[in-house]
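Visitor: Here is how the chains run, residue by residue.
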Amino acid sequence: MDQVLSNISLLIEFPIVNLKIILDGLMIGSLFALAAYGLALVWGVMNVKNLAQGDFVISGGYVSWWLAQHGMPALLGVPIAFAVMWGVGWVAYKLVIRRVIERDLFTSLLATFGLAIMMAQLLNLMFSSDTRSIDLGFDTLYFADGLIDVPIAKLIGVLMAAGLAAAVIVFMKSSRMGQAIRATAQDARAARVMGIDTEKVYAFTFSLNSGICGAAGAIIVMVWLVQPFYGIAYSIRAFVIVTAAGLGNLPGVIAAGLGIGALEQYGAHIFGISYQQAIAVILLLLVLLFRLIQQRRNRQVLK
Amino acid sequence: MTKLKRKTILYALILAFSFIAPFAFPDFGTQLATLWLMIIVALTWDMTGGQMGYNSLGNIFFYGTGMYVAALIAIGMTYNIGDYTVASGGGIFEFSDLQYFGGMFIGVLGAGLFCSASAVVIGYLTFGLRGPYFAIGTLGVAIAAGELVSNWDWAGGGQGIALPVYPGDLDIGKIFFYFLFAGLGIGVFIFVKWLYGTRFGAAINAIRDDEEKADAMGVHTLRYKLYTWSMAAFFVGMAGGISGFQLIHFEPVESAYQTINLGIFMVVCVLLGGKGTLWGPVIGAILFHLFKEITWNYLLGWQWVALGALIVVTVVYFQDGVMGYLQQRYPELFGIRVERKSTEEAA
Chain D
1 MDQVLSNISL
11 LIEFPIVNLK
21 IILDGLMIGS
31 LFALAAYGLA
41 LVWGVMNVKN
51 LAQGDFVISG
61 GYVSWWLAQH
71 GMPALLGVPI
81 AFAVMWGVGW
91 VAYKLVIRRV
101 IERDLFTSLL
111 ATFGLAIMMA
121 QLLNLMFSSD
131 TRSIDLGFDT
141 LYFADGLIDV
151 PIAKLIGVLM
161 AAGLAAAVIV
171 FMKSSRMGQA
181 IRATAQDARA
191 ARVMGIDTEK
201 VYAFTFSLNS
211 GICGAAGAII
221 VMVWLVQPFY
231 GIAYSIRAFV
241 IVTAAGLGNL
251 PGVIAAGLGI
261 GALEQYGAHI
271 FGISYQQAIA
281 VILLLLVLLF
291 RLIQQRRNRQ
301 VLK
Chain V
1 MTKLKRKTIL
11 YALILAFSFI
21 APFAFPDFGT
31 QLATLWLMII
41 VALTWDMTGG
51 QMGYNSLGNI
61 FFYGTGMYVA
71 ALIAIGMTYN
81 IGDYTVASGG
91 GIFEFSDLQY
101 FGGMFIGVLG
111 AGLFCSASAV
121 VIGYLTFGLR
131 GPYFAIGTLG
141 VAIAAGELVS
151 NWDWAGGGQG
161 IALPVYPGDL
171 DIGKIFFYFL
181 FAGLGIGVFI
191 FVKWLYGTRF
201 GAAINAIRDD
211 EEKADAMGVH
221 TLRYKLYTWS
231 MAAFFVGMAG
241 GISGFQLIHF
251 EPVESAYQTI
261 NLGIFMVVCV
271 LLGGKGTLWG
281 PVIGAILFHL
291 FKEITWNYLL
301 GWQWVALGAL
311 IVVTVVYFQD
321 GVMGYLQQRY
331 PELFGIRVER
341 KSTEEAA
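For the record, the sequence lines run as chains D and V. In terms of the working numbering, the first sequence is residues 1 to 303. In terms of the working numbering, the second sequence is residues 1 to 347.
Calculated directly from the structure, the hints in this document are not laboratory data. Each hint should be verified, as a subset may be incorrect.
[What the hints assert, rightly or not] Below, a sample of chain V positions facing chain D; criterion: calculated Cβ distance under 7 Å:
| # | residue |
| --- | --- |
| 1 | Pro132 |
| 2 | Val312 |
| 3 | Gly324 |
[Claimed, not checked] A few chain V residues facing chain D, derived, Cβ under 7 Å:
| # | residue |
| --- | --- |
| 4 | Leu109 |
| 5 | Leu113 |
| 6 | Ala135 |
| 7 | Gly137 |
| 8 | Gly140 |
| 9 | Ile143 |
| 10 | Leu148 |
| 11 | Asn151 |
| 12 | Leu299 |
| 13 | Leu300 |
| 14 | Trp304 |
| 15 | Gly308 |
In this text the structure is predicted, and so the values were computed from the model without any measurement. Virtual Cβ for every residue (Gly too), placed ideally from N, Cα, C.
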């Protein structure tokens, strides 16, 4: 308890530390937001809750790491991880996801949970359980007498995440496929009547989600680290963000992603780094409870 | 009458086999005890998941909490818990037979009661969540509990707790734990068999089929949901408490709040055997346990991949489970009369 109080008083005494925490949080949050956007896409279009989301992220990280081990420039790993994970997502769709779309929601949750266990264990068998990262070898920028440090690698990572997000948004808005995806999300039956091959749309959406996750993972391996069993942490955060922001609310997803990144950094600073995982989960519970109270109010109005 | 007789013989045979099993296969004493544990958690999961339609992924919370509560009560009755956990097995803390068994008895019972009470509190907060949100919410509770307990130094922190070893011959200890689990398992089975035949069973089935309509018909849905979950939690908590003593040493994330192990296994057991049936969870637990032991022994390193594949295949292709399959294939066995179509009769 004393530790917690002294940590809080440190924040008040040195306001500049707040800035550092917020910056760190925003940088992590931008990657959370990327994974969460993929989840919101799949959730909204095909009503599948993908608990393997985090494992797609981690797999993308390993693709990039493996390439870097074999002499590829690390930055090239991002598009390649996108492409490879696109393929993995397509296979996963054809084998598993296709059969759970029409079923009840718990089915998709459990099936993807099984998928998550399989992926994590395969990664563990292939790459062992050590943590892996790629050192880009860039400098670190210092501000405010060295109190704030911004590694250039992180900056590049955030910029790449932002670029990918922008590309996806433009794609969804203007391309033919993007329109088809949005139409299917609104009303799958009507879309089918209008001649859209929804099966193709579903396969494309899930592969796109998987590709986005892969790219996010390739960024994560450059700026932080990956480990086969870290997937669940990213899945939980993606769920927190989507539940908080709601489906089909892209600015909301981005804002929630950044916010949760910052909140988590604050929590880790105040309570200690060992609570980081617990904080992510408790945030999820708080968001669910908040939604519940909101709904309860709505239900009473209906009665 | 013959049907009743046949049933009695069947039950007697199963009961006799469960009594003989640990003596007939002494090498598999621990595995057999674990099988009973799986049956207990599967049966209790089915109370909410199968019969009431609330798919919880967080029942493992009661298992872990039961483990901790039982251990802390048993230790606390004899020594100061803080001293005991700080020493983490290094200091000399002797337990006499009376202290060991007395502590275990009260600890396991207390674990059941504590879990029962905590189910009411958690249920009150989460039962408003429907469908997948309930599953995610309860999963969150279990994960959060594991993470928080591993930061709680008074209760052993991430190191966990080392309980005293069974006093006396260890082979007899194995059989002792087998019969604890078997007794609890048989108790749970008799209890749910009775429960599903009562008005209470009908009420929770009504909640599963259509909660709004059940509410409108005057079933106090929240109360029924809380009662059901807290009954399930009582048994899971007791099973967890016994497990703690059987394991001797346990730690929070991997053995107590083992979300991705037992927490998901119990769901798969029920789905494999058949959701919402009396025998389904039992059959599923046996099949799953066999599969698990075989892959653990012969597919070293790949066992988890095989297990994940089993989960996916069960959920995607075989969700009705063994009982569901049998019910569809031979409906007469289940007392379901099938009316033939008139065209078939004419032909």
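Visitor: Hint by hint, which ones does this structure get wrong, listed from lowest number up?
Guide: When the structure is compared with the hints, numbers 3, 4, 5, 12, 13 turn out to be violated.
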